Amino acid sequence: MALTGLDIYKLLPKTNCGECKSPTCLAFAMRVAQKQASIDQCPHVSAESKEKLGAASAPPIQLVTIGAGDFKIAIGNETVLFRHEETFHHPAGIAVTVSDKLSEAEIGARADKIVHLIFERVGMKIAVDMACIMNDSGDPAKFAAAVKIVAQKAPVALILASDNPDSLKAALEVCADRRPLLCGANASNYQAVAALAKEKNCPVVARAKGLEALTDLTQKITAAGVKEIVLESGAEGVRQTLEDLTKARRYALRKSFRPLGYPMLTCMMGDGDSFLPVLKAAAYIAKYAGIVVTDAIEPWQLMPLLTVRQNIYTDPRKPLQVEPGVHKIGEPGSKAPLLITTNFSLTYYTVEGEVEGSKVASNILVVDTEGTSVLTAWAAEKFTTDQIAAAMNKYEVEAVASHKKVIIPGLIAVESGKLQEESGWEVIVGPKEASGIPSYLKANWGG
Amino acid sequence: MESVVEKWTTKVNTITLGATKQMGGTREKTVTVGGSSTLPYLNFEGAWPNPPAIAIEMWDREPDGWPEPLADAYADVWKDPAKWAKRAVEYGAEMLCVTLKGTHPDFGNRSPDEAAGVVKDVLKAVGVPLIIWGSGDFNKDNDVMPRVSEAAKGENCLLGTAVEKNYKTLTASCLADGHKIIGESPLDINIAKQVNILISEMGFKLEDIVIFPATGALGYGMEYSYSIMERGRTAGLSGDRMLAQPVICTVGQESWRVKEARGSEKDFPTWGDLKKRGPLWEATCAATLMQAGGEIVVMRHPDAVKSFKSLLREFTA
Ligand code: B12
Ligand code: SF4
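Chains G and D, in that order, are what the protein sequence lines are. Count along the first sequence starting at 1, add 8, and that's the number in our numbering. For the second sequence, counting from 1, position 273 maps to 265 in our numbering; every step adds exactly one.
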């Protein structure tokens, strides 16, 4: 459990010497508790205290890294139950399955398809970042062959799904350098699987039915020297899965219960329904899954799922923003239109996408509204005539728009008169919705 | 093992919509939502007696700009509210959300009488409870909603929306005609509470209010709705009576504005089949927001409704 400032204070020298740049030991303790300072900044703290602090300040949920080099993801190390309490830190891995029962050509084609599950939203790339190879054949050689194809084709983190230690071993021979997640260890095979994980320095999935059995299993696996563990509770039904995910998170965060202090994996197969696995995965991403594995592979299935992850893992303390200033779309000449918008990523990229789509080269002046949308900013007086006129001066828009015409969002039409007066520019009220921009630009600025 | 059961102190209010003959209305069925004493489907620590109810949105006039998958589902009936209503019930609507867009001054400016006529036609056509949603223009709503409220008197509908700056007329109508009310706030918990206080100060029961915290769609602000709803719900369960109301989400309306849900395959060839993409986008938004606690989900596409229902069935099983 996170230490309070007072807990930390008790372990400090209490001399208030100030060398840590805090006025008092108590002030320093408070900053450490809020993660604004590190305990190392106090030169006088005893080794014994440091050890106590170290153990207690270890993250309640283990950080697990899967993959290597550029194809690496990190999950776990979460600190809160609700994102509004702080933020969720490490986006869940999203894995698509590949069965080793398929032909080599089919395996290759599926791997290619996984690679193309990458989309751009609000200026960020969102992509499937894991492939889960399933040892459905039960055959170690077939498994290794399938893993080899996927590893070569797909630049993603790998999950090796087999409870047969021989299969895992064969597969590791072709991909150990990729540091795959071994999936996994259960009550009967854990010795062999943990030994493999230790030897090859790989993370491992502990799979048992229910949290009690999992508690037992993770202790055995850690005793065998493996630190990075992912839990799979094998619950039946969505409600039981949600219960296990919720309870494990609470045990880790509320009770500092180490044996369940790991990220969790859930698995959703379609069984003929192409929508339902996506809906379940969405619910699990919201409620605590560290990895979701699914056989869904169509772009229309993964796009919403990747977007759920992007939304849930957005830091609520700071909205996504873009740089204020003049952004050029295409190669705008002196007759190109000048549009004005806010620096909220969602607003900016929605507008940018439509301007691009119009094929009319343009300038967009982005006003710093502290990452708020057009109306939110307007209502909070961050996007009214004063701020817009100031931004026009600051970013010297006359240099890019000698025609002295400026297009404002339709939603703030009420500002047009004042802005015209204040700036001396001709103020044109654009469409209300960004989707109206292409036809507007083509009709009026297509020249 | 130690218990990690959370001791919530308060239940979400239970609300029943619609009135059968015995209750003085003409509905064949009523719908009850709310009553939970924990977060969604955490049955191990509390009750979650009523699954979220699905309302299908329909308009009093032909919509414009609805993308192809929605047109496929409704275009042959959307000029006729009674037919549209029947179609929506066939698609599995437990309630209908009759949206009076056509009364908006910029969108047809239909009269209060015309609006009341539409509501009567819909009541006659189907037996499910109704949600009736104004156009959002304050002045016009204050003309239209009292007429509509009166036309549906005794049917125990859910009327919206009451906002901080415009709540008195609607509240008075709902009181007079025996309806429940939706209090709307712009993704702001304090305003949500304030609206509930204002409504209840007019003598309206807190138990008869539904909160509309504003809905942001998946990929279009859902992160805001999600956390506002979750914050509101945890506060409600922890004893804040002003936040213990059931919550309504306009998932359909918001989702279908998003480019990923409506963009054509011609414009976005790598995004795949729009007829699946759009409905799944809507259903995924519903499935995620449900985890933040939404009791009434207003949806549009039949396939989205169908798959969200099968998710709920699995949760309830
Ligand atoms: C999410 C949200 C918030 C979030 C903030 C999100 C953010 N980062 O901005 C939070 C919860 C923090 C918030 C707070 C507030 N909000 Co607010 N919020 C919303 C909400 C629900 C969605 C806004 C949004 O994200 N829209 C999406 C973006 C992409 O839209 P957009 O920026 O307008 O851009 C579109 C168009 O304008 C156009 N466009 C954009 N630029 C340009 C440029 C040109 C040239 C053209 C042609 C077109 C164009 O393209 C885009 C796509 O169509 C709206 C209601 C709603 N459903 O719209 C209320 C809303 C904007 N909020 C409102 C209010 C009042 C507030 C608060 C003042 C409330 C309060 N008292 O706390 C605060 C202010 C916060 C502050 N002090 O900064 C009101 C504004 C009312 C008004 N008409 O003035 C709204 C309309 C809600 C309402 N109905 O009352 N809000
Ligand atoms: S350096 Fe250490 S002893 Fe000195 S004030 Fe800071 S915390 Fe206290």
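Hint data in this document are derived by calculation from the structure and do not stem from the laboratory. Don't take every hint at face value.
Stated by the list, open to error - Short derived list, chain D residues pointing at chain G, Cβ under 8 Å:
hint, residue
1, V81
2, Y83
3, L210
4, E215
5, G264
6, D265
7, A309
Quantities reported herein were computed from a predicted structural model and do not represent experimental measurements. Don't be surprised by glycine CBs; every beta carbon is placed ideally from N, CA and C.
Hint by hint, here is what the structure shows:
1. The beta carbon of D:V81 comes no nearer than 22 Å to any beta carbon in chain G, farther than 8 Å, and the hint placing it at the interface is violated.
2. The beta carbon of D:Y83 is not positioned within 8 Å of any beta carbon in chain G (closest approach about 15 Å), and the interface hint is therefore violated.
3. Look at D:L210: its Cβ gets to within about 6 Å of chain G, closer than 8 Å, so that hint holds up.
4. Evaluation of the D:E215 hint against chain G yields a held restraint, the C-beta minimum of about 4 Å falling below 8 Å.
5. Below 8 Å, beta-carbon pairs count as interface contacts, and D:G264 has one with chain G at about 4 Å; its hint therefore holds.
6. Look at D:D265: its Cβ gets to within about 6 Å of chain G, closer than 8 Å, so that hint holds up.
7. About 6 Å separates the beta-carbon of D:A309 from the nearest beta-carbon of chain G, less than 8 Å, and the hint is met.
Hint violations for this structure: numbers 1 and 2, all remaining hints satisfied.
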